[in-house]
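Make a model of the complete structure from these sequences and hints.
Order-wise, the sequence lines are chains A and B. For what it's worth, the UniProt record's numbering labels the leading residue of the first sequence as 1, then goes sequentially. For what it's worth, the UniProt record's numbering labels the leading residue of the second sequence as 1, then goes sequentially.
A few of these clues could be false.
Stated by the list, open to error - The calculated label-pair distances, taken between Cβ atoms and stated as ranges, are: (1) Asn9/A with Lys105/B: 23 to 33 Å; (2) Asp166/A with His69/B: 52 to 62 Å; (3) Gly271/B with Ala38/A: 53 to 63 Å; (4) Lys153/A with Asp107/B: 21 to 31 Å.
Think of the hints as simulated: they come from the structure by calculation, not from any bench. Note that the Cβ used here is the ideal one computed from N, Cα and C, for glycine as well.
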Amino acid sequence: MPEATVPDNAPEHCPGTESEEAGKADACAGCPNAQICATAPKGPDPDLPVIQKRLELVKRKVLVLSGKGGVGKSTFTTQLAHAFAADPIKQVGVVDVDVCGPSIPRMLSVTEERLHASASGWQPVYASDNLACVSVGLMLEEEGDAVIWRGPKKNGIIKQFLRDVDWGDEGLDILLVDTPPGTSDEHLAVVSSLKLAGIDGAILVTTPQEVSIQDVRRELDFCRKVGIKVLGLVENMSGFSCPNCHKASDIFPPTTGGAKALASEYSVPFLGSVPLDPRLAHCCDRGQSFVEEWPGTPAALGLGKVSQGK
Amino acid sequence: MSDPLETRLKSIKHILVVLSGKGGVGKSSVSVSLALGLQAQGLRVGIMDVDLCGPSLPRMLRLEGQSIHQSAQGWSPVQTKETVSASSATHPLGCMSIAFLLGSKKDSVVWRGPKKNAMIKQFFQDVAWGPLDYLVIDTPPGTSDEHLSLVEYLRLAPDVQSVIVTTPQAVALSDVRKEVDFCRKTNLAIAGVVENMSGYVCPHCTHCSNVFSTGGGESLATEYGLPFLGRVPLDPSYTATLDGKGSESTGSLLQDFVASPLKPVFEGIVGKIVEGSKTSEGDAE
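This is the structure we're talking about:
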């Protein structure tokens, strides 16, 4: 058996939790987990090939990660999705795995829509002809309802999003996965569900100040531990241009050199920086594409640069 | 034959749980500022970080690289040494965070729910806070394992209230509605709403721009009939203070806080919270 299925604290000669012998081998006698191992389903997760089949026609699967909350993961995900969808022949999908705080429906302006089941699977909600999304926010009765779920329940819904959503006959050119902050259940669920289907890589979003950079270091460590390729770092909210005098200032000062320094420290690509712009927040509140609404502004140029670099 | 958890909780007069549905709205900054504001009033204050996957408090409190010590009573929280001045009797601020248990600041904590719950329980059971007037608890975003565990363990505590932090834009507010719903469902009292990042004063022309629009927190508080505790503007010098490298930093966080232009804002918020705890105390008696 591969060593990966043998827990660190297992007794000697543990046959591994996925082995046919699990819970029944001689070494299992006296192990506190023997009962669990003996009754748990054996072998690799039967859903993984199903997910692989379902996502066969998805050309690229990209995660958007950040250790810290509120650095603009969802903003960046939606604006990147808009930027890809600006090309009418491209099909773009967004999966929101932030189960407790889904923001994608609001940012794509589809809060009134709901997911529907059909014979071929769940139908995603289309924000435009070629931009589809799924989110827990599209399944709640009231927008204000809290989703108070512990880990296993969250894992279940995430797996369903990946396994049961029908993205259409043509498949997708890109599937963006927007994640909650941290390195916990949701992230492990996505990574383990996509083990066979494969993940092309992750984009890490940060703001310039050290408190955020510090959390991104942990996220880089996470990517290394689970074996996800880091496509690059994006620095969001870097600098603010005053709408009155047009001079730039730092709201979140890069006290330790910001994302650029971090990127070179870990030798991962630096994809670009997006300055803070109140109009960007407004666009997200109303579900518009910032690059289309305000072309030529520094933030639009930053976003364009990042999406082209991909 | 009393429960060790209960004994620990009995020595803490008031517990403030800082919550927000959305990440990055400034829960940790507000937690630290509330703790400093309470400390500046001469109260005995502790601060606990239950954001296990992204602990920020040690950095903000300038306690990076310290570690927890064992004592006969349990784990001793890491304490800040500073006081405002020799004349006023302020108590040191005790802090507990998972970062003190990690080897390196780069280590990630990739844990699923049950392991996180066990850690939080240990934070309550094994940490020797000593008698405290206030314990401020900084939480991760959302309404999941950490929050449920907290509410569960805190049932035995004498007084628990939550402080909800939001930024003014619609996306944050919709997440905060979920948090209010969570508090209602779990019977957690709400001390009030703080609107953070409300407006930014340009350092060049002093024009105040509403980076994330404005007023949303107050209208939300009115909508749900909650006390509105105050509006905190964005201030890069304060961000730098909490990021540990303020330009005119004197080395002491509490002194920097007292000198900060945001001090009166937090004084107002702390005042309202203390006032609120007093009335609830009165009700209990």
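Outcome of the hint check:
no.: 1; hint: Asn9/A with Lys105/B: 23 to 33 Å; result: 26 Å, holds
no.: 2; hint: Asp166/A with His69/B: 52 to 62 Å; result: 56 Å, holds
no.: 3; hint: Gly271/B with Ala38/A: 53 to 63 Å; result: 60 Å, holds
no.: 4; hint: Lys153/A with Asp107/B: 21 to 31 Å; result: 28 Å, holds
Checked against the numbered hints above, the structure violates none of them.
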